[in-house]
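A.B. asks: Take a look at the letters that make up each chain.
There are 2 protein chains.
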Amino acid sequence: MSTYHDRLAALREELERRRLDGFVVPLTDEHMSEYVGAYAQRLAWLTGFQGSAGSAVVLPAAAAIFVDGRYTLQVREQVSPDLWSYQSVPETSIAQWLETHAQEGARIGYDPWLHTRGWAKAASAALAARGATLVAVDTNPIDAVWPDRPAPSDARLIVHPEGLAGRSSADKRQEIADWLAMRGADAAVLSALDSIAWTFNVRGADVDRTPVALAYAIVHADATAELFVAPEKIGGDVVQHLGNAVTVRPRDAFAGALRGLMGKRIIADPERAVAAIFSELEAGGATVVEARDPAVLPKAIKNDAEIAGHKAAQLRDGAALARFLHWLSVEAPGGSLTELSAADRLHAFRAETGLLRDLSFDTISGAGPNGAVVHYRVSADSDRAITADSLYLVDSGGQYQDGTTDVTRTVAVGTPSAEMRDRFTRVLKGHIALARAVFPEGTRGGQLDVLARQFLWAAGLDYAHGTGHGVGAYLSVHEGPQRIASGAAFSGGDEPLRAGMILSNEPGYYKAGEYGIRIENLILVERRDVAGAEKPMLGFETLTFAPIDRTLIDVALLDGGERGWIDAYHADVLRVIGPQLEGDARQWLERQTAPLDREQRG
Amino acid sequence: MSTYHDRLAALREELERRRLDGFVVPLTDEHMSEYVGAYAQRLAWLTGFQGSAGSAVVLPAAAAIFVDGRYTLQVREQVSPDLWSYQSVPETSIAQWLETHAQEGARIGYDPWLHTRGWAKAASAALAARGATLVAVDTNPIDAVWPDRPAPSDARLIVHPEGLAGRSSADKRQEIADWLAMRGADAAVLSALDSIAWTFNVRGADVDRTPVALAYAIVHADATAELFVAPEKIGGDVVQHLGNAVTVRPRDAFAGALRGLMGKRIIADPERAVAAIFSELEAGGATVVEARDPAVLPKAIKNDAEIAGHKAAQLRDGAALARFLHWLSVEAPGGSLTELSAADRLHAFRAETGLLRDLSFDTISGAGPNGAVVHYRVSADSDRAITADSLYLVDSGGQYQDGTTDVTRTVAVGTPSAEMRDRFTRVLKGHIALARAVFPEGTRGGQLDVLARQFLWAAGLDYAHGTGHGVGAYLSVHEGPQRIASGAAFSGGDEPLRAGMILSNEPGYYKAGEYGIRIENLILVERRDVAGAEKPMLGFETLTFAPIDRTLIDVALLDGGERGWIDAYHADVLRVIGPQLEGDARQWLERQTAPLDREQRG
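Protein chains in written order, with the working numbering: chain A, 693 to 1294; chain B, 693 to 1294.
Chain A with its partners taken away, still in its complex shape:
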């Protein structure tokens, strides 16, 4: 295996052969995916960086890697300072760095299949200020010097049953066709993998943690479609499922198909489609109309079948989590558990349901100070013992065919401090305030964000992440367009919430070097009948069932409504999860879900 020094040198030679003076290396794939397959892990191959977000720029005499605050430490451990300079985003953007470091007249390459057009425009403008130009490459130069680059996954597509999807693919394609007709457009290009999976009622196994298949699609105004996917991934059942109105074509034929749309009005999503899709369409003589991918909103609004499936998954997932929390309550005081062993046991409890397809993301299993690392990912190197008188935070979820889960619980091992209980209770009050919110149709997620923060703010505290993200139906655990987030650092909360959307409700508090707290349930936006209401109102139904650690609740800080919410929630947990447990676990759950008692009420 070559060294990172050799890899960087090989890339520079390749760039020189191509008469390029630099190259930009993002961490994404042709679908702007959050999780990408091994074949697209070019940043990791080139630099050694294993984080989930980052990018790099290579110049003849300089090279820089760009990561955000989550990875400030990790990048220094994994990436050689002799080869790479460390840059922090958003403080320094690639464009800013290039503006300072690119030579006048330099030609900086980028792969137009890995960037949005908006990024390319901004970077071009920054380089122009420097007298340099941004050049789209035909093929990625890293691929030319990466000898053992993995092939894209050859995992087969799986039909997603209509009983779970709730609608046929033909019905979904007709909705897109009607939408195209309203806009006078001939076709829409879909490149987001979850949009394609949703539209065609198929799933895949090409990417970790998200059950999607590498594909592109063009949906036409007559509700027919072309699905571009490696033919060997399609079995007879999928062919039959797709039917005559869907033409399956090789994934490689996609660019050519875009060029063949001369004279047509084609819709593409500037946030989700890469720059190459726009340039191929324009090169072929199509008129490109920018609009949001038409699958995004209907995919976010779950139908009755998807909601029923999700609830079935929650039932099963909640029992697995309850078994784990009981096991933890027995084992943790002994002092023998670590973050890794706990995460493995939780995975095993989920697997024991017999229906787990995958985790929905890498489990965040954080003991003590590691709980304060918001996006912590335990590894053999970082693995930490779960010790007495500390907090343990576990954020995890499962991919089941009927639903995707995501839940966080924070538990006290031994005796929590008064400060821990105060902070936990403030987080809990925010969680409850959001769970109980009633709001008019049209309200955006960002408007509700403060409800979850207000009790922390009152004590001068906060958390540096959004309050809620959308969740897919056996799809991505982070799904747009809705979010509960606001403020400069957490944009994206502008989408009105609609009945049927599933989101997370996950306020937290993190004390660096000491402990982390997060309480996360999934919630469903539902219509709410309010007596005397003057407009249509919405509210949330909590979908996640798992006990909230009562030893961390300072009941004196709760008002009657909040105590009532906790008691009712715990009664629901016992009703839903209790029948699935036996013996000690069942008794433990009964104790955990009993009404908050007088003694606790201080």
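A portion of the hints provided could be inaccurate.
[To be verified] The list that follows gives simulated cross-link-like pairs (lysine to aspartate or glutamate, DMTMM-like), each with its CA atoms no further than 25 Å apart:
id : chain 1 : residue 1 : chain 2 : residue 2
1  : B       : 1227      : A       : 1111
2  : A       : 1203      : B       : 863
3  : B       : 956       : B       : 863
4  : A       : 1203      : B       : 1221
5  : B       : 1227      : A       : 783
6  : A       : 1203      : B       : 1226
7  : B       : 1203      : A       : 1221
8  : B       : 1203      : B       : 1044
9  : B       : 1203      : A       : 1226
10 : A       : 1227      : B       : 1206
11 : A       : 1227      : B       : 783
[What the hints assert, rightly or not] Partial list, computed: chain A residues near chain B (C-beta under 7 Å):
id : residue
12 : 851
13 : 1139
14 : 1152
15 : 1154
16 : 1178
17 : 1229
Simulated from the structure, these hints should not be mistaken for laboratory data.
Just so it is clear, CB atoms sit at the ideal spot from N, CA and C, and this is done for glycine as well.
With chain A fixed as given, assemble chain B onto it according to the hints.
C.D. replies: Chain B alone, transformed into the frame defined by chain A:
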């Protein structure tokens, strides 16, 4: 006096002489002012419409007037349907209407001194779709056919004392000069009247309700400035105050001055400067850089002297309002009061302070169902008696040299219904939640909006206006850039709140045809020391002192913190206002501000 028929005919003849096929008539002035002088009341002259917002379009064979939901009824009373068709905004925009009604090839005129460039671009694009063009006129054709058009006000400028302004004009100009230097710009154009008044520490009397003078200014990077204002409005004291670094030039010389900036980099505000300013600059060969008017933010952040002045004004204004509310409590039950007579008496109480310069806006004096008309303006025609067992809403404010006030109280005449008390208490709880909010630096007004709405939402209710607007320092009662508002219909809440900003806190509830409720105090953003805080925090200090009608409070709906807030607030009202009252009024105030008693606590 000519008829509206004659006026419209005269305008059409004038348009024909100028070879125009249409003309757009907005309701604003060359400064995009909210209140405009009589000389600029072209819409009212042409159509008869007396509302505060609207616009019109005249074509050879059609004419339309565009108003929003506030004026749906009023426009029908004031504007002839034989001459004008009624159009509702935002449902139908001028651009949309022109797209349907303009003839192909038509030349539609607009006065570039009365529209932003953004508006002109959008309207041009809409007309282009129709094969028509938007044409800037050199002089306004209405002025050519309006024989008795009032001359612009010749009111003299008044020096705003540095003791009240807190900073010298030279200091403010230096701050703008530093800001220009940072941007590599040579000058900034100021056209917003309050920005000019603030920058030069002058006030005027050219516009109702806002003490500003008609002027333009160019502030240069060396901190010198040109002030364009009719010379006869400048007395010796103002000349001396402005000093040598400020050159006073005739207002008519402004356009020529813009054309004389060849080769310079000039900053202009696309939201506040009209299209003509940009076109004159570009015609003269200047490079125009778009940026927000540099006076906007420092004007919004009040300094210690402005805050002290504001508090002095509140003391005086609160006593006048308390005298009025006492008078109302004595007189209203007799049944002889009307909206007009009450508003007049309130004006008189303010005038009796001896320091009132003007009202800060037309008093909203709404009895019973008129209280539900959010922007109600009482007139002799609409004047309604204040009757028993109804609610009376009064929203009013004063312009004093040391501060601008704005306060709303809703009082029960006779016995309020249980529903009225429930609604009032929900509005009050929202008012209190916002007043007590603590939030980190960087929080935007829009993030806090839900705090004021949450208790109404819980009952399926809402109010169709923002929660808070900025307020000037002896300037406009509606001052940007900060707002407490969010959601699709109430944009503008994106500005981070900063210590020193003054806003209103004015949730409400309106039951059409029955009653209106609004509780409005002004609040000051202040730094807040929170023990153990992990980031700099802000909160609000309430600046307005007037009793809140206790007969409308359903104490059973308040929690301990809310009762505590009311009692503490009322104690402050008595402490601040009480010493200014005597006899019955004083005793009345003591009763109104006593702690909420057990009986009321249900």
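A.B. asks: Confirm or reject each hint.
C.D. replies: Hint check results:
{"no.": "1", "hint": "1227/B / 1111/A", "result": "17 Å, holds"}
{"no.": "2", "hint": "1203/A / 863/B", "result": "43 Å, violated"}
{"no.": "3", "hint": "956/B / 863/B", "result": "24 Å, holds"}
{"no.": "4", "hint": "1203/A / 1221/B", "result": "20 Å, holds"}
{"no.": "5", "hint": "1227/B / 783/A", "result": "20 Å, holds"}
{"no.": "6", "hint": "1203/A / 1226/B", "result": "10 Å, holds"}
{"no.": "7", "hint": "1203/B / 1221/A", "result": "20 Å, holds"}
{"no.": "8", "hint": "1203/B / 1044/B", "result": "35 Å, violated"}
{"no.": "9", "hint": "1203/B / 1226/A", "result": "10 Å, holds"}
{"no.": "10", "hint": "1227/A / 1206/B", "result": "18 Å, holds"}
{"no.": "11", "hint": "1227/A / 783/B", "result": "20 Å, holds"}
{"no.": "12", "hint": "851", "result": "39 Å, violated"}
{"no.": "13", "hint": "1139", "result": "5 Å, holds"}
{"no.": "14", "hint": "1152", "result": "2 Å, holds"}
{"no.": "15", "hint": "1154", "result": "6 Å, holds"}
{"no.": "16", "hint": "1178", "result": "5 Å, holds"}
{"no.": "17", "hint": "1229", "result": "5 Å, holds"}
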